[in-house]
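**Q** Generate coordinates for the entire structure from the input sequences, incorporating the hints supplied.
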Amino acid sequence: MSDATASGSVSGEAAGDAGVAGDGGTAVFLAQRELLFSIVYNMVGSVADAEDVLQETWLAWAARLGTPGAEEIVNPRAYLVRIAVNRALARQEAIRRRREDYVGPWLPEPLATPLEPDPAVRAEAVSLAMLVVLETLTPLERVVFVLNEVFGYPHTEIAEILDRSPAAVRQLAHRARQHVQARRPRYRADPGVRQQVTERFLAAVFGGDMDALLRLLAPDVTAWVDGGGKAPAAGPRPVHGRELVARLLSRRAARRPGGMDVRYRQVNGDPSAVLFSEDSPVAAMVLELTPDGEQISGIYAVTNPDKLSNLTREA
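FYI, the working numbering numbers position 214 of the sequence shown as 214, with every residue one higher than the one before it.
Every clue listed holds true.
With beta-carbon atoms standing in for the labels, derived distance ranges:
(1) 67 to 262: 49 to 55 Å
(2) 181 to 253: 31 to 37 Å
(3) 97 to 164: 23 to 29 Å
Think of the hints as simulated: they come from the structure by calculation, not from any bench.
Since we're looking at a predicted model, the values are computed, not measured.
Heads up, the beta-carbon is just placed ideally off N, CA and C, and yes, glycines get one too.
**A** Set out below in structure tokens:
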């Protein structure tokens, strides 16, 4: 299954979509919270922003339940998704301005994902690489892509959420799909293969085996290192090419602090390596592989401590 394939539509009539009012409103919101978080996180790529949007959604929901006619909300899930999506869209300009001032390459905040997510509320996790591609879409293209391709919402329901015509939504979906397909491989490496390559990669980097490292890196490999000006990074732009990336990694490994511990985690649905110094995460690293699974085509490393707080030492 690809990055952008839903594991089943979550927009239908699940249990609990009956009318609500009063104290039951809290339980209804909590029942939909994971879905709302997943949608908003995939729209903004930031846990902190997603949590802020959910807080705004809760306040709007609580205010609505306190007014006459609350019993008319016959589909709470649809109502909450509409609030959350539009609140997230309203924050896009502020997010864009903040990222313009960001130091160095910006990567989405790594999100620890369970090995066996609940299929009733969570679509397939969207990889860091896919989220980087989604950053190049317009906000409307991105939300349409996320709702349609990831969560399985039909164009008619998205049109209601965004208060636009189905024809306009279909056009947005078509543009977004073409854009993503032009920039994102249509394959996804087997998790077991990715895990093995990740282990060999780290052994070569930390073991100082330059020959093994060069064999693992594809000629056109690209490394994105997001330090946010608060931790070691690779410079103001991504680094391209096998030789440059290998030298960068060797320099970083030579300056690593003692007592570094590597833990393997699921991050955004992919096997990844999280590096710890004592009990604090100092880097999260996800690799993209070539179609044959033999070499590394992309390295996504987040070292900004503000983006690592949700990654814990224990799985």
